[in-house]
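Note that our numbering numbers the sequence shown so that position 438 is 438, with each residue one more than the last.
Quick caveat, the hints were computed from the structure, so don't treat them as lab data. Keep in mind that the hints are not guaranteed to be accurate.
As the list claims (entries may be wrong) - For lysine-lysine, the following DSS-like pairs were computed, each having C-alpha atoms within a straight-line distance of at most 25 Å:
1) Lys-190 with Lys-412
2) Lys-312 with Lys-279
3) Lys-492 with Lys-312
Said to hold, decoys possible - Have a look at the derived ranges for each label pair, beta carbon to beta carbon:
4) Asn-137 with Leu-429: 31 to 39 Å
5) Lys-318 with Ala-133: 46 to 54 Å
6) Ala-133 with Pro-320: 48 to 56 Å
In this text, a Cβ means the ideal position worked out from N, Cα and C, and glycines have one as well.
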Amino acid sequence: MTIPAPRHRLASRGLPGCEASGEEGEGRQEHIRTLERDLVSLEKGGGRMRMSYRQRRLGLVVMIWLLVILSLGGARTPLPRAGGLQGQALAATPSPPPLVLSLEECIRRALEQNPEIREARAGVQVAQSTRDAVAANRYPQIDLLAAIGPSPRARGNHLFSPDEKDDIVITDIFARIDASIIQPLYTFGKLSNGIKAATHAVQVEKAQVRVKSAEIIRKVAEFYYGLVLARELQTLLSEAQTELDKARRRIQQLLEEGSETVTEMDLFKLDTFRGQLEKFLNEANKSAALALAALRMTIGMAPGTPFDIATKRLVPEKYPLQALSEYIETSRHLRPEFTQLREGLAARKALITVARRAYYPDVFIGVIAGLANADNRTDIDNPFIHDPFNESFATPILGLRWSLNFAATAAKVRGAEAEYRKLLEKKALAETGIPVQVEQAYREIVEAQQTITATEKAYKAARKWLVAAQANFDLGIGEARDLAEAFTEYLKMRAENFRAIYRFNLAVARLEQATGMSTQEYHR
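Working from the sequences, and respecting the hints, build out all of it.
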């Protein structure tokens, strides 16, 4: 007897959202029919393979359930479409690796891309154009004037005219062109000293590029080392949080075990200390983000460009310190501010000469010419009669150009002399102030070196204290207060050691700026 295979209600009615359609539904129906035929064949086989009705029915139900579960799983995980695969491939495309730069590479990029340095270079171009404009006065100066206007009628000849001079009758227009070519011969030093002052002004602007470059180099070092310091503090505080969490779990375990060596107050103390650590960690995160943003801006990196620094650990720069007097002497030769003062004084001195020579005339030679025409006026060919509406001439000349406003000239001379004296006072200030800057940076290096040594000893000792306090706490013979105190001192001394290294590296950058050595490699 053939037993009809029961159709389970899930198979006959389907689950919401799990219905099969099309080829998938037909495939599952074919699997079910094949299973039914196999079971019927198994029943007809007889002998040792023959099963009881209850066993066959149970086996059939189990097989149908397995098939339904498999078919439902297939319905819930349809194959993605081609477009979906492309989207997944695009999403899985790795982003380009960040641009990793060392301190040296950051400095070189800043010297090329920083807007402040570009502005200083543009100042050099402005000074050069001013110098070229002054120097161009050595060459012939050509002036041309062209005009048209109403022309009064004038008929007749040099003896008689029917038109009266006071009775103006406009019947046409006139056209006139005047030209002159003037070549300076001698200016009593005004031209040569003007060129000299403009040339020195170019050197002042070039020195300003070095001043701005030294400032940017120091800023790059400050932001670069500041970022390394912030990340070192992040790592230190994160490790401290991990150790503190272990201690807290230990206290919690001892409390659950009913130990009398700890109390809930110990737990509160550790929670309070952990809150302080989290506060410091948030500050370190903020400092790292700001340092990276400031460094990105200083080196001219686009905001969306992936960027990071190569230095991972904060260590003191190798900088053999020389005698202070050597650095002060070096600053007198290399500081661009001294170059600016020397060139500026030379320029101001030349401008005083220019102002004083304004009392004297300018001697020149040249050619002047004119051409005018009006159709309503008779052209009388008589050299003694001058008609500005109807003439033509050209002649070489030798002349003087002289400004006789002596009061204004005297005021300009006093102003030029005052500017010179003002710059002399700046020079005196620089001669005393720059050595102080050098000594300040020098003393900061010495102090930072000593602080590095002292804090290194301190944090190593605090580390031993922390290990001992943690061991006693784990053994149940130490108090949470001792552990928290050891943690505090270790973190404080380790952080102070990092800050001392940061101050040392920054003091080295300041000494390089104060002596003028920071730009030597980049402005040779």
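Query - Straight-line alpha-carbon gap Lys-312 to Lys-279, limit 25 Å - result: Holds, because 23 Å separates the two Cα atoms, which is no more than 25 Å.
Query raised in the report: Quick one, are Lys-492 and Lys-312 close enough, alpha carbons at most 25 Å?
Result: 21 Å, holds
Query raised in the report: Per the hint of 46 to 54 Å, is the separation of the Cβ atoms of Lys-318 and Ala-133 within bounds?
Result: 50 Å, holds
Query raised in the report: Between Asn-137 and Leu-429, is the Cβ distance one that fits in 31 to 39 Å?
Result: Holds, since Asn-137 and Leu-429 (Cβ atoms, about 35 Å apart) stay within the stated range.
Requested in this report: Mind checking the alpha carbons of Lys-190 and Lys-412 for me, to see if they're no more than 25 Å apart?
Outcome: 14 Å, holds
Query raised in the report: Per the hint of 48 to 56 Å, is the separation of the Cβ atoms of Ala-133 and Pro-320 within bounds?
Result: Holds: the Cβ-Cβ distance is about 49 Å, inside 48 to 56 Å.
Every hint from the earlier list agrees with this structure, and none is contradicted.
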